[in-house]
Amino acid sequence: MGNFIKKDILILVRDRKELAILILMPFILIAILGFALGNIINGDSVTLDLNFALVVEDDEASGRSKVLEEIDQSQLPGEVKAQLLQAAAEIQPQAMLRGVIDSEKFRQLGSYQELTLEEGKRAIEQDEAAVLLIVPEDYTYNMLRKMLLDSGDGARLLVESSSKYPLSSGIFQDVMESFSRTVSYETALGQISASKGQMAVEWQTTESPVHGGVEFIPSFDPIRSIQYYTFGMAVMFIMYAATSIASRAYNEKENVAFDRIVIAGTNPLAYLAGKAISAAMLVFLQLVVLFGMSTLCFGTFAGKSLEFWLALLLVMAVLAICMGGLAALLTTLNFRAENYRSTQIFGGLFVTLLSFLGGSFFPTSAMSEAISYLGGWTPNGAALNAFVQITQGAGMERYLDFIVRLLFLSGSMFIVSFWLFPRRRMF
Amino acid sequence: MLETIELRKVYKNKTAVDGVNLYLDPGESVGLLGPNGAGKSTTISMISTLIKPTSGDVKLNGQSVLKHPRIIRHELGVVPQEIALYQELSAVENLQFFGRIYGLKGKELELAVEEVLELVDLTDRKKERIKTYSGGMKRRINIAAALMHQPKIIIMDEPTVGIDPQSRNYILETVRRLNIEKKMTVLYTSHYMEEVEQLCDRIYIMDHGKVIASGRKEELKSILSAEDTIVLQLEEPCKELVDELKENNEIRKVDVDGNKTIKLIVPKTVNLLGHLFQAAERHGARIVNLNVQKPSLEDVFLHLTGRKLRD
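Taken in sequence, the protein lines are chains W and E. Under our numbering, the first sequence has 158 at position 158, and the numbering climbs by one with no breaks. Under our numbering, the second sequence has 7 at position 7, and the numbering climbs by one with no breaks.
Rather than coming from a laboratory, the hints here were simulated on the basis of the structure. Using N, Cα and C, we set each Cβ at its ideal position, and we do this for glycine too. Among the hints, a few may not be true.
[As the list claims (entries may be wrong)] Covered stretches of chain W (chain E as the covering partner; in silico rule of three or more C-beta atoms under 8 Å from a C-beta of chain E):
#1 9-15
#2 335-348
[Claimed, not checked] DSS-like, lysine-lysine: derived pairs with alpha carbons at most 27 Å apart:
#3 6/W with 52/E
#4 260/E with 253/W
#5 17/W with 138/E
#6 126/E with 17/W
#7 105/E with 253/W
[To be verified] Label pairs and their computed distance ranges (CB to CB):
#8 10/W with 108/E: 40 to 48 Å
#9 106/E with 10/W: 13 to 21 Å
#10 349/W with 201/E: 27 to 35 Å
#11 15/E with 369/W: 55 to 63 Å
#12 349/W with 68/E: 41 to 49 Å
#13 13/W with 36/E: 36 to 44 Å
#14 131/E with 128/W: 37 to 45 Å
#15 11/E with 369/W: 48 to 56 Å
#16 198/E with 353/W: 54 to 62 Å
#17 13/W with 106/E: 54 to 62 Å
#18 345/W with 15/E: 18 to 26 Å
#19 411/W with 131/E: 35 to 43 Å
#20 349/W with 62/E: 25 to 33 Å
#21 164/E with 15/W: 23 to 31 Å
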């Protein structure tokens with residue numbers, strides 16, 4: 001068996017064109033999709049249908065009056081005090097936030113519903129909302145206090161994301177962080193400088209941000225687009241590796257090297273098993289190279305824990321076995337039909353279709369429930385889901401289901417291919 | 001040593017091989033001649049256990065290969081008509097792969113590789129990939145791969161197709177050495193009559209799935225011992241002359257080769273020369289050369305099948 005595997009891998013590794021398809025092309029696509037998506041979001045051209053819930057616990061009036069009182073009781077000179085009191089009365093932190101989420105640009109990304117905290121939590125638990133944005137108590141107070149008196153840690157927004165919409169929550173995080181920076185360095189500065197130019201100069205030099213930032217509640221980490229597309233492209237292009245092994249198997253039949261192997265007394269099923277193992281090893285290697293290159297070049301998984309890598313390796317191994325089953329199945333179909341049609345159709349049509357269903361191009365959560373469900377049962381879709389869950393820091397109970405699906409698909413493909421592999425010609 | 005008994009293979013409505021009986025004695029070199037579609041390759045595939053016969057049997061030393069396919073697999077080396085090699089691998093890597101599938105390993109494998117490379121004279125290019133080889137070199141490695149496990153019988157299916165004369169001569173010399181020096185039994189199929197005449201002790205002629213003649217070269221030629229072969233060369237092609245000769249009942253066969261050369265098979269008892277010159281004059285054809293030859297195997301084949309080997 002080792003003889004067959006060594007030969008198959010040597011042949012494939014020496015074919016530069018094939019290597020370009022299996023390694024270089026997905027890598028380029030990872031870079032393009034991973035980075036281009038961010039640009040699209042900053043532009044005006046796409047609607048992601050991001051559905052999020054807004055919970056406002058902040059009492060703006062009470063926060064403002066507390067700050068006014070603190071300014072009034074401060075030891076500042078009378079003129080400064082008057083200016084600060086005027087600014088505290090004019091700045092509206094909640095309105096600034098709403099200015100972002102009600103903006104036309106943001107509406108292109110999706111919509112929101114204002115809920116109570118309880119309703120918001122339920123919406124996240126039941127995956128009805130992709131993200132829960134909480135404006136906590138004392139948001140106004142903390143922001144104005146930091147802005148005007150440079151006191152305290154500033155205001156923070158809380159964002160909780162659903163594990164079902166990893167990419168959406170990642171995008172939301174990017175937008176909120178951008179808002180946070182804007183509030184810190186531009187909006188506050190602009191608003192105050194309009195009336196109090198001298199203070200603006202002082203604030204410009206401060207290194208401490210006025211806005212305390214966005215705090216993500218660590219139930220699930222949001223996934224970055226580069227991470228998503230590293231997985232998406234990898235699970236797509238490993239199907240080409242399985243196709244390639246099956247095509248080469250049929251080459252062996254055509255140039256009668258397969259006959260030589262059979263004449264030597266090799267059981268045809270051992271030959272088929274060799275193909276499956278070669279494909280599995282090749283796919284595993286391909287995944288290692290793609291994930292490794294993505295991390296080295298883009299820092300995709302930099303700083304991830306050992307637990308993350310071990311879980312990733314487990315899913316990679318199961319996925320590789322599944323691709324071994326796929327290679328065996330395609331080899332069998334080619335041998336039975338005595339042509340390359342199976343691999344041609346699979347490589348030309350089914351890989352794209354499965355990639356679409358499995359969510360390689362964009363998350364299936366953006367599509368209908370039926371497509372999303374179907375995608376979860378494709379080998380690439382199941383693996384992609386498992387990879388995403390692992391990246392979000394979910395426990396094994398969240399992705400075990402996908403591993404079981406992969407094993408089920410592997411078993412089915414192995415059974416069918418070994419059962420149908422033609423043996424009738426031989427003695 | 002090896003024999004086929006009433007070997008038959010039927011595909012749906014087509015009979016590819018129809019009751020073929022042949023045998024190979026140890027150390028013999030036997031030729032299998034026949035045009036395309038004669039059933040040679042199907043016969044070889046059945047002997048080498050790749051195709052199950054519809055009926056009949058193949059026996060090796062009296063044992064049925066049909067019942068015990070394993071007994072022949074280590075005794076037999078098959079050189080297919082196709083280049084059954086991996087183009088991306090070097091000669092050594094190919095030979096190692098095919099050696100290993102026969103269970104060779106370590107020093108034994110290494111020695112076998114060196115030995116077959118030496119035999120086909122490609123030791124100095126052993127590390128180069130097959131795709132960089134010429135057609136003739138590929139054919140030589142194709143033979144070497146079938147010899148890795150030192151088989152007692154080697155079947156060669158048109159091993160010189162599409163190569164230059166120099167490589168062809170080298171391959172023929174290699175086959176002769178295998179047969180004479182290594183005492184290997186050879187079953188050699190070819191389109192090239194002269195190769196079979198040169199290499200083989202006995203010959204089977206197949207057509208339409210059947211063996212239509214067999215025997216030693218001289219025995220086969222004696223089929224035409226009562227006939228002469230007359231070769232006429234004309235200055236210009238003359239269709240009218242050919243038509244007249246074809247209508248002559250005393251002439252067994254008329255074969256036109258390249259328009260200007262006409263080959264006639266005629267009984268020795270018939271004096272045709274006077275008639276030939278008269279006919280040529282009648283049709284304004286000028287005979288520039290005339291030869292009366294002894295029959296060749298090609299003539300025998302033409303006589304038996306009514307067509308040329310390469311038709």
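Results of checking the hints against the structure:
no.: 1; hint: 9-15; in the structure: holds (count 4)
no.: 2; hint: 335-348; in the structure: violated (count 0)
no.: 3; hint: 6/W with 52/E; in the structure: violated (31 Å)
no.: 4; hint: 260/E with 253/W; in the structure: violated (45 Å)
no.: 5; hint: 17/W with 138/E; in the structure: holds (23 Å)
no.: 6; hint: 126/E with 17/W; in the structure: holds (25 Å)
no.: 7; hint: 105/E with 253/W; in the structure: holds (25 Å)
no.: 8; hint: 10/W with 108/E: 40 to 48 Å; in the structure: violated (22 Å)
no.: 9; hint: 106/E with 10/W: 13 to 21 Å; in the structure: holds (20 Å)
no.: 10; hint: 349/W with 201/E: 27 to 35 Å; in the structure: violated (57 Å)
no.: 11; hint: 15/E with 369/W: 55 to 63 Å; in the structure: holds (60 Å)
no.: 12; hint: 349/W with 68/E: 41 to 49 Å; in the structure: holds (46 Å)
no.: 13; hint: 13/W with 36/E: 36 to 44 Å; in the structure: holds (39 Å)
no.: 14; hint: 131/E with 128/W: 37 to 45 Å; in the structure: violated (60 Å)
no.: 15; hint: 11/E with 369/W: 48 to 56 Å; in the structure: holds (52 Å)
no.: 16; hint: 198/E with 353/W: 54 to 62 Å; in the structure: holds (59 Å)
no.: 17; hint: 13/W with 106/E: 54 to 62 Å; in the structure: violated (25 Å)
no.: 18; hint: 345/W with 15/E: 18 to 26 Å; in the structure: violated (35 Å)
no.: 19; hint: 411/W with 131/E: 35 to 43 Å; in the structure: holds (38 Å)
no.: 20; hint: 349/W with 62/E: 25 to 33 Å; in the structure: violated (55 Å)
no.: 21; hint: 164/E with 15/W: 23 to 31 Å; in the structure: holds (29 Å)
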